[in-house]
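Visitor: Residue numbers (mature numbering (1 follows the signal peptide of the UniProt record, and there is no 0)): -16 to -1, 1 to 68.
There's no promise every hint is true.
[Unchecked claim] With a cut-off of at most 20 Å between alpha-carbon atoms, the simulated EDC-like pairs for lysine to aspartate or glutamate come out as follows:
#  : residue 1 : residue 2
1  : Lys4      : Glu31
2  : Lys68     : Asp45
3  : Lys58     : Glu31
4  : Lys4      : Glu46
5  : Lys4      : Glu21
6  : Lys4      : Asp45
7  : Lys68     : Glu46
8  : Lys58     : Glu21
9  : Lys58     : Glu23
10 : Lys14     : Asp57
Treat the hints as calculated values from the structure; they're not laboratory data.
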Amino acid sequence: MSLRSLALLACCVLLAACNKVNQENFSRLKPGMSRVEVEQLLGAPAECAGALGFSSCTWGDERSFISIQFGNDKVLVFSGAGLK
């Protein structure tokens, strides 16, 4: 195996291990957390939508995700599916 192939394989393994959408981080979420705190924990959301001081954001993909509803940039409720 060439050095380039080994480096590519190592990068792929590290990226897979860095997934922040997991059960451990889901367990750290608490109602009342600020949106800044959530983004420090989970990174930038995949998508967000909202109006009038309320928003709903999702991290992850259709197989494994965390969904959080914010009111005035504070966590109101959250849910997750497919977390490991």
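Visitor: So, for every hint listed, does it hold in this structure?
Guide: Evaluation of the provided hints:
no.: 1; hint: Lys4 <-> Glu31; verdict: holds (15 Å)
no.: 2; hint: Lys68 <-> Asp45; verdict: holds (13 Å)
no.: 3; hint: Lys58 <-> Glu31; verdict: holds (17 Å)
no.: 4; hint: Lys4 <-> Glu46; verdict: holds (15 Å)
no.: 5; hint: Lys4 <-> Glu21; verdict: holds (14 Å)
no.: 6; hint: Lys4 <-> Asp45; verdict: holds (12 Å)
no.: 7; hint: Lys68 <-> Glu46; verdict: holds (14 Å)
no.: 8; hint: Lys58 <-> Glu21; verdict: holds (9 Å)
no.: 9; hint: Lys58 <-> Glu23; verdict: holds (12 Å)
no.: 10; hint: Lys14 <-> Asp57; verdict: holds (13 Å)
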